[in-house]
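Asker: Each residue of the sequence shown is one higher than the last, beginning at 1 in this note's numbering.
Computed cross-link-like contacts, SDA-like style, restricted to lysine to any residue with a CA-CA straight-line distance of at most 25 Å:
| # | residue 1 | residue 2 |
| --- | --- | --- |
| 1 | K241 | R86 |
| 2 | K196 | L210 |
| 3 | K241 | A206 |
| 4 | K31 | M15 |
| 5 | K196 | M186 |
| 6 | K231 | V248 |
| 7 | K227 | R86 |
| 8 | K172 | A119 |
| 9 | K123 | Y170 |
| 10 | K121 | I77 |
| 11 | K85 | M211 |
| 12 | K241 | L225 |
| 13 | K147 | A82 |
| 14 | K84 | K147 |
| 15 | K121 | A88 |
| 16 | K227 | F212 |
| 17 | K84 | D229 |
| 18 | K31 | N41 |
Computed beta-carbon distance windows for the label pairs:
| # | residue 1 | residue 2 | range |
| --- | --- | --- | --- |
| 19 | K84 | Q42 | 52 to 62 Å |
| 20 | L189 | K85 | 28 to 38 Å |
| 21 | A94 | L225 | 26 to 36 Å |
| 22 | E78 | E39 | 52 to 62 Å |
| 23 | T160 | S75 | 18 to 28 Å |
| 24 | K121 | L213 | 45 to 55 Å |
| 25 | V247 | V204 | 21 to 31 Å |
| 26 | A82 | Q42 | 50 to 60 Å |
| 27 | I250 | N133 | 38 to 48 Å |
| 28 | I250 | Q202 | 17 to 27 Å |
| 29 | R132 | Y11 | 52 to 62 Å |
For the record, the hints were derived by calculation from the structure and aren't laboratory data. Because the structure is a prediction, the values reported are computed rather than measured. Note that CB positions come from ideal geometry on N, CA and C, so glycine has one too.
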Amino acid sequence: FNLLTLKPMIYIANMSDEEIAEPENNPYYQKVKELADSEHNQVVPVCAKIEEELSGLDKEEKNVEMVHLSPYMKSVIERLTADKKRPAVHTYNATLNSFTKFFGGQGTEEMLVTDVFTAGKLKEYEAWLRSRNASWNTVSTYMRVLKAVYNRLVEAKRLTYDARLFDSVYTKVEAQSKRSLTEEQMNTLLHTDFEKLPEDVQNVLAYFLLMFLFRGMPFIDMAYLRKQDLKEHCITYCRHKTGKKMVVRIP
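The task is simple: from the sequences and hints, build the whole structure.
Answerer: Listed below in structure tokens is the structure:
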């Protein structure tokens with residue numbers, strides 16, 4: 001007869017989260033193991049506390065260790081591209097390329113975000129940037145991009161939020177004096193004889209003067225101007241960066 005008591009058994013030894021890493025050091029586990037060995041059975045050490053915490057996690061939280069930096073950032077870049085946020089796309093690409101070089105030039109596809117977003121790794125990256133003569137503003141730009149990626153991961157419940165994670169790295173912006181042309185220099189450009197300039201220089205100067213005369217219009221906004229934007233001696237357009245409506249009156 002196949003009696004229930006004759007079937008193989010598994011003993012479960014519950015212990016604390018501190019002891020689970022080295023169960024052999026627990027005397028009670030040793031006693032259970034001796035009993036299991038004498039019966040040619042197995043004993044499995046578990047921590048009920050950890051199991052309870054894991055059971056409360058959703059699927060995304062359990063798979064946090066499967067998120068890798070490069071594929072995730074590329075997915076963010078794709079969304080930014082779809083939203084036509086070109087400056088952000090450029091900055092995210094530059095940050096990803098820089099971090100890839102820091103990590104060794106390859107293998108970033110397999111770098112877990114749990115390994116990337118640690119205070120130690122971020123500090124190493126900062127030191128690496130400075131060793132390559134990167135300015136503090138460059139360091140700040142890359143760190144702020146990584147911080148934005150980190151916040152996305154936290155919002156998606158892929159990482160646990162740590163308010164002080166970026167405290168030890170530079171994320172500020174150094175104030176720098178803006179360099180602008182003097183009135184004399186602008187007058188020189190405004191009264192330049194175009195016929196004495198090569199054709200490509202003529203084009204560049206024409207674009208520059210138009211941006212100046214159009215109240216400092218950014219080049220990207222001028223590039224997107226349409227014929228219908230000009231009505232009754234006024235150019236009406238929306239800033240590409242902010243979406244703010246602008247009106248430039250033409251004398």
